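Asks: Read off the chains here:
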Amino acid sequence: MDILTLFIVVPILTAIALLFTKGLKQARLTTMIGMLIQFGMAINLVFAYFKERAANDAIMVFTKDLMWFETFNIHYSIGVDAISVLMIVLTATVVLAGVFISWMLDEMPKEFFITLVILATGVYGFFISIDLFTLFVFYEIAVIPMYLLIGIWGSGPREYAAMKLTLMLMGASAVLLVGILGIYFNSNADGGALTFNILEIAQVSIPFEAQKLFFPMTFIGFATIGALFPFHTWSPDGHASAPTAVSMLHAGVLMKLGGYGIFRVAMYLLPEGTNYWSTFFIVLSVIGVVYGALAAVKQTDLKYINAYSSVSHLGMVIFALLMLNKTAWTGAILQSLSHGFMTALFFALIGMIYGRTHTRMAPQMGGLLKVIPFISMIYVIAGLASLGLPGMSGFVAEMNIFAGAFQHTDTFHRVMSILVISSIVVTAVYILRVVGVMLMGPIPNEDYKNLKTVTWFERVGIYLLLIPVIGIGVAPLWLSNMINDSILPFIQRLI
Amino acid sequence: MIENVSIYELLTLTTILFFIGLYGFLTRKNLLTMLLSIELLLNASVINFVVINKYLYPDVLQGVYFSIFIIAVAAAETALAISIIINLYRLKTSVDVAETETMKY
Amino acid sequence: MNFSYTIFILIIPIATFLLLGFFYNRIKPAVSGWIGVTALSVVAGLSYYTAYQYFFNVGKIDGKFQTFFGFQANWMNFTENLRIDMGILLDPISIMMLVVVSTISLMAHIYSRGYMKGDRGYTKFFAFLSLFTFAMMGLVVATNLFQIYIFWELVGVSSYLLIGFYYEKPSAVAAAKKAFIVTRFADLGFLIGILLMGYYGGSFDFMELNNPEGPAIMNWASTSFMGLSVITWALILMFVGGAGKSAMLPFHIWLPDAMEGPTPVSALIHAATMVVAGVYLVARMFPMFHFVEDGFALHVVAWVGAISSLFAAFIALTQKDIKRVLAFSTMSQIGYMMLALGVSKYDGHEGLGYMASMWHLFTHAMFKALLFLGAGSVIHAVHSNYLKDMGGLRKYMPITNITFLIAALSISGFPLTAGFFSKDEILVAAFEHNKAIYFITLFVAGLTAFYMFRLYFGIFWGKKKEYEHTPHESPWSMTIPLLFLAFMSIATGYLPFSEWVTADHKALHGHIGLFSNLGVIHWDMAGIAITAGLLGIAIAWFFYKKPTDYPAKVSAAFGRLYKWAFNKFYFDEVYLFVTKQIIFKRISTPFAWFDKKVVDGTMDGIGNTTVSLSKVIKGTQSGRIQDYAFAFAGGVFVLVLIVIYMI
Amino acid sequence: MRNEIILLVLILALLIFEIFTKPNQKKHIINIAVGLFFIHTVIGFFPIGESSLFGGSFRTTGLIHFYKSVLNIGVLIILLQSADWLRNKVAHFNKIPEFFILLFSSLLGMNFMISSGDFLLFYLGLELSTLPLVALIAYDSFNQQSTEAGIKLILSAALASAISLFGIGMLYATGGSLYFEVIAQNLQSSNLAILGMVFFFSGLAFKISLAPFHFWTADVYEGAPIGIASYLSVISKGAAIFILMAILFSVLPILSEAWKLVVYILAITTMFTGNLFAIRQKNMKRYLAYSSIAQAGFMMMGIINAEELGVATVVYFVLVYVFSNLGAFGVVQAISSQTGKENMDDYTGLYRTNPKLALILLLSLFSLAGIPPLAGFFGKFFLYTAAASKGYYLLVFLAVVNVTISLYYYLLPVRVMFLRKSDDAIPYFKSKLMMRAGLVIAVLGIFVLGLYSPLYNYIVELSAGVL
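So the sequences go chain by chain: R, U, H and E. The opening residue of the first sequence carries number 1 in our numbering; numbering runs sequentially from there. The opening residue of the second sequence carries number 1 in our numbering; numbering runs sequentially from there. The opening residue of the third sequence carries number 1 in our numbering; numbering runs sequentially from there. The opening residue of the fourth sequence carries number 1 in our numbering; numbering runs sequentially from there.
Since the hints were made in silico from the structure, they are not lab data. Treat the hints with care, as some may be off.
Here are a few chain H residues that sit away from chain R, every Cβ distance over 10 Å (derived from the structure) [as the list claims (entries may be wrong)]:
1) Leu154
2) Tyr167
3) Phe180
4) Asn219
5) Leu249
6) Leu416
7) Ala592
8) Thr602
9) Phe637
10) Tyr645
Calculated lysine-lysine pairs in the PhoX-like style (CA-CA distance at most 25 Å, straight line) [what the hints assert, rightly or not]:
11) H/Lys580 / H/Lys388
12) H/Lys546 / H/Lys388
13) U/Lys92 / E/Lys356
14) H/Lys345 / H/Lys435
15) E/Lys95 / H/Lys615
16) R/Lys110 / E/Lys89
17) H/Lys320 / H/Lys585
18) R/Lys370 / H/Lys597
19) E/Lys341 / E/Lys260
20) E/Lys356 / R/Lys25
21) H/Lys388 / H/Lys124
22) E/Lys341 / U/Lys104
23) E/Lys356 / R/Lys22
24) E/Lys341 / H/Lys618
25) H/Lys435 / R/Lys452
26) H/Lys60 / H/Lys506
27) H/Lys553 / H/Lys580
28) H/Lys585 / H/Lys597
29) E/Lys341 / E/Lys282
30) U/Lys29 / H/Lys124
31) R/Lys452 / H/Lys585
32) R/Lys452 / H/Lys169
33) E/Lys432 / H/Lys618
34) U/Lys92 / E/Lys430
35) U/Lys29 / U/Lys92
36) H/Lys28 / H/Lys117
37) R/Lys22 / E/Lys95
If the Cβ cut is set under 7 Å, some of the chain E residues that face chain H in the computed set are [to be verified]:
38) Ile5
39) Val9
40) Leu10
The structure displayed is predicted, hence computed values, not measured ones. We put the CB at the ideal spot given by N, CA and C, even for glycine.
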């Protein structure tokens, strides 16, 4: 079996194996083994990719193509470039960390892990798809398990949040579907065979009228999961209600599907539509960036803070994509990765803190640095990463975005760029506010003195996510070079 | 073919019949009278078929045969409907259409 | 000459940080203290060696100091042309800064071994100090704007961590947060400036940007915005960043609060090294500041510096917390450095201000660190920060007393101390180029002398207080740094600075350099300055040597002015108003509300409308056959009508 | 004709059986009938050549034969799922054989209807399929709801067929014949023809339950025995769709502009009506009734394509829909025949007590909602493609809006089953073999139909050249 299909097969096999397990111990062990294999495969893929790339300069490598539905020219068509490889690594890491974080989940563990693994399958499939149809199929497979994950294992207004999240995302995907169909039926204006294959569609130019019509559909379809204002409202409620591992996976990986899809589908296939609509969506994304940050300032629930912060950070991804140059795009990809690791880390930590203090309200806590120093210090580090401290991944990403944004010299882009840059101050405000209130200060509750220290599986989860955050931040060159190479064919279509 | 009667007059008749039947169906309270109205509707069609056959395509007797089948089926339909109405009567001692409104919304 | 060993100046502190940080709960405090001190000693040794090599052996070629690279690596590329390198750039000012940072840091390390003894976070403290040292070193040796920005932020975060070191104290937490956010806000300007510079100047690299014949300087006029060159805007924005770090108006508000941190931190970061980063930045970019648009940006620098120094001096007169007095004094002195840079030109003697600024930076680092450490020693002894709890300490703490006096004399510009030389160079530079600024400077010199001696007399003389615990001299670990710095506070005045550190890297005839050019001292200029200083000291002597009621009378006489100065001209309140009332209440809260009610409400509304629509139409399914039949027949007719009329 | 003859033989055999068995032995008829029908279904899979009988009144083609197989499979599943109910609830009425006889008669009617080559056989088939069903709906003669449902259906159906007949009359008048082929040749577009088409259409729209001809659906489903409701929802609807397509595409192509508009309007009204009503439903049968209305609206998107692509997608969708809907109905049936509970709230916490049933219901509902990788997604996607290929993007857009609405109510049972806990959840029970077989077939279909593309390709092959 080829190296990419395994990424779908292994989770499915894991899920099937899980069916035969009993109890938490077996379930988590099975999942861990499956996901460890997956993680190893992901790391291996990076090396394999470099090796393959040296010999092969096609846009996608490791391609494989099987006819599926001949009538519609639907293929099972897979392949990766650097961006998908990185996204796969991100996914593998976050999922594995998520398994460790859910080590002690006691309610219906088997079902939990199965659903989680199905979700992961969808994500992997999405990242390796070249065919729009399979891409869409995997997208939905990735989204729908969220309903169960939040609904069954969530907390707070979980039913409401789960329903809202599912409906908004599926609604968006429905709009996306129309966009995809539009692309499909214009994929060969000269009367040849219609196709869903991204690379083939990129060879033809879709009529401008069609681009104008279908770009916003495709864009909004993807941008909703990327939490573009004003379609982001599923995200705060969803994150707040979801169990820890799910928040991690969702914010860390699932929301990345948005940016990835915009990049891979909306912009690549509809370049003129992109140019036509870019002003409008730039405004939306900038509103998202600033607004998410400002709204986060006001929140007290840790998860809400993080959710709004995600709105802000991912708004930056969309903003960067709309800047339409290589620097900004590199930044967008880096920001996706960085935000993935960092937010997952954040949610993991919030889960750990919640598991100990039984509250997520920052003002109710205090002085945690003293009682759970390890978790608290990592929280500070994650916070610093979030506010874009040099040496952490966020900085590298943001700088690329800003540098890319500044390549536009007209006033509109300038003003928008400056607004986006301003958001980093606001980010500092809300991060430090939480750190100050929750981790520092006097201890408000005597019970806190007996909080458990961090356990080994929590440590593993933390390190899995922390290492990439710092790694990217310290040595970004190879990564940005890797991304740069793969961006080229895409950017060339737009300029 | 009837002397001095054109197809238009006959079709007007059937149309009127059709609407009378429809009106009856919509306004009667008694299930049996509603059933009668259905018969009117069906009869309108039956006459239609015969008339069309006779006036327009007199070579082949398709319409006439069709009308015979309609009459037969209508009989079966009525028989079935009446049996169910009787069943309703047994349960509710009434054949008022208002008795059949328990399931709604 | 191969300077590649200088990489260890960066590696050693970060390694120390990682070592102490990872094993903070396994290493014994005593050991970690020694690790820190040893590491820093090595770093200081390397720095001194580098300085020696550079200034005395290899640095000067053809009468001009050359620039060396100790290390250079590509870190990230934005575009083909716009790349970010990480490297070590060695030229006079960076080497001077290496010496300053390593010296003060080493002193702070040694001092902390005594000062922090018994603290829970002893190891952590040393780890953070190492982190800071690393970041500061990285900042000073930066080869390009982006590197400086990166380390700039890292310095900021280590400052944050150190100010908030006593994290259980809410005031410390608030101060740390304030320091970080205010400087970050200013850094926003810096970042935008850098990006603008990158795109209009074509590079981030100092060597390319600062080349007087390079494209960046030659083409400054190519694009303009609101009447000024974009490059000027970039420079001004970068200066905003510098002003934030260096606590210039109006970003100074974090500095007094930052005194919540442990005193060695105040000495190291908030007096000697980090706060002068802004000055260093301007000095680093000096050719650009000077050449672009006839130095418009430099005028901004000069005036901001001058006003800040005056403003801070006023506030320093009134403060009661000794560390805050010192903090405002720091701000005032940094204003000096800024204005000196601001009035400077590039070539030859015209570049006097530049030299003076750097020199003052150097001497100020010594005596201000000394003042802080001395204050720390006093605080350590009396367990209070407030002047009212002190007095007559000269008997109990002789070493502290003497060293503090030396530092106070130095800062007041008392003849033959280091401060005298460097400050008078500033005065000369100001006099030559901008009279208005000169008078401000002179006035501030007098004020400085007055408030420093108010402090000195208030602490060591004045009323004899009864102390609960008899104060005693601090341990050797704390007094050795004091003595060393006291020595430096005098000795650094006799360095031939004007030969070493100048704008164009060529030697320059200073006025008051002892070994270089004592002969041409301008005694007229110096005399005025000395008079101003002595006047300040005399008034302080008169007011504070013994408890008198003059201070109260004077402050009453100034009335409102005194009150304003005492409340720091209400800057904090304005900021608080802007953040709490405007940003939080007027912007953030409505945004959160908007999100909840309007955006989210719309989405929920769509759902709710659908559901209620479903309720509204439920009546059509009435359960009546005849209604159904009517709908059926009606449907047919409507369809017929539509179809027939639409086609 | 093979299908019909075997079915007729089956019916006769059962009649004889009915006559010659003692009341207490009539239970065995369940196994026999199901067994025989299984054989019939299997035989149905064998291909049959194209032919026509009675001067063209009765036609068989590969596609028509496939239609019949689809219906056979559906009926087989329904029989399997209803066996429990028959055994437990109906046995004491002593009229089990009637159930099979009537059901098979109805199926026979549908087979005739599908195969019909003229309006006469079409009409007879239609009535033959409807009338036994009415009897089945009113089967439980002591149940008032059952009776009410019967009355509603017979009166509405009679009205519908009357109006439809009126329309056929007009088509006869304009087309000059009752034979489809002749009409197709002779028919000219005129207002009368359009009038006739709309009238005729309404009759089939009634069977497919397109809004506003759908009102009977919910009430009848609720009152009818569950097996019959599921029969109504898949078999009767499927057959009507098939013949509707055949007539519209091959008999009335000249009026295509007109009927496309009708289909367009009905598709929109139906989707919205079905979905908006379904949101509020508490009774599972009623809930599934509205869901099936909405699904019918989606099917219209394939019809509007008016080409072979449309035929293939609709047939495929119906096939998928048979499995998905029968999966859902099967679970409802299983629970109802075990506990008598039919309300959604009764399902609270079902997953914790009966995980398999809950899972099957979940899969069926997800398939209905069109969530990949279940077959329903593929069915819907192809329908969108069919509509979009003719440029009906607005229709597709409205459809996806409706999919989102429908997702909401499809998640409602999932919510109560999975997300909530209940102390008085339906206790664990083990279904009988037949029920399980019925459910398993349905689930298999849900998975295999979509992912395994040769099936779809086969349908495409069949529908090639039908026009």
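Asks: Each of the hints needs a verdict: does it hold here or not?
Replies: How the hints compare with the structure:
1. Leu154: At roughly 6 Å from the nearest Cβ of chain R, H/Leu154 sits no farther out than 10 Å, so the non-interface label is violated.
2. Tyr167: violated (4 Å)
3. Phe180: violated (6 Å)
4. Asn219: Its Cβ never comes within 10 Å of chain R, the nearest being 15 Å, so this holds.
5. Leu249: holds (19 Å)
6. Leu416: holds (43 Å)
7. Ala592: violated (4 Å)
8. Thr602: violated (7 Å)
9. Phe637: holds (33 Å)
10. Tyr645: holds (29 Å)
11. H/Lys580 / H/Lys388: violated (33 Å)
12. H/Lys546 / H/Lys388: It holds: about 13 Å lies between the C-alpha atoms, which stays within 25 Å.
13. U/Lys92 / E/Lys356: Distance ~41 Å between U/Lys92 and E/Lys356 Cα, so the pair is violated.
14. H/Lys345 / H/Lys435: holds (15 Å)
15. E/Lys95 / H/Lys615: violated (41 Å)
16. R/Lys110 / E/Lys89: Not satisfied, since the Cα-Cα distance of roughly 38 Å exceeds 25 Å.
17. H/Lys320 / H/Lys585: violated (33 Å)
18. R/Lys370 / H/Lys597: Given pair R/Lys370, H/Lys597 is violated - Cα atoms ~38 Å apart, limit 25 Å.
19. E/Lys341 / E/Lys260: Violated, at about 42 Å.
20. E/Lys356 / R/Lys25: Roughly 23 Å separates the two Cα atoms, so the pair holds.
21. H/Lys388 / H/Lys124: violated (33 Å)
22. E/Lys341 / U/Lys104: Holds, because 19 Å separates the two Cα atoms, which is no more than 25 Å.
23. E/Lys356 / R/Lys22: holds (16 Å)
24. E/Lys341 / H/Lys618: holds (24 Å)
25. H/Lys435 / R/Lys452: The hint is violated at about 66 Å.
26. H/Lys60 / H/Lys506: Given pair H/Lys60, H/Lys506 holds - Cα atoms ~9 Å apart, limit 25 Å.
27. H/Lys553 / H/Lys580: Violated, because 37 Å separates the two Cα atoms, which is more than 25 Å.
28. H/Lys585 / H/Lys597: Roughly 17 Å separates the two Cα atoms, so the pair holds.
29. E/Lys341 / E/Lys282: The hint holds at about 12 Å.
30. U/Lys29 / H/Lys124: violated (91 Å)
31. R/Lys452 / H/Lys585: Given pair R/Lys452, H/Lys585 is violated - Cα atoms ~38 Å apart, limit 25 Å.
32. R/Lys452 / H/Lys169: Distance ~24 Å between R/Lys452 and H/Lys169 Cα, so the pair holds.
33. E/Lys432 / H/Lys618: The hint is violated at about 38 Å.
34. U/Lys92 / E/Lys430: At roughly 38 Å apart (the allowed maximum being 25 Å), E/Lys430 and U/Lys92 break the hint.
35. U/Lys29 / U/Lys92: Satisfied, since the Cα-Cα distance of roughly 15 Å is no more than 25 Å.
36. H/Lys28 / H/Lys117: Roughly 12 Å between the alpha carbons, so the hint for H/Lys28 and H/Lys117 holds.
37. R/Lys22 / E/Lys95: violated (47 Å)
38. Ile5: violated (36 Å)
39. Val9: Where the cut-off is 7 Å and the nearest Cβ of chain H is about 38 Å from E/Val9, the hint is violated.
40. Leu10: Status violated, d = 34 Å.
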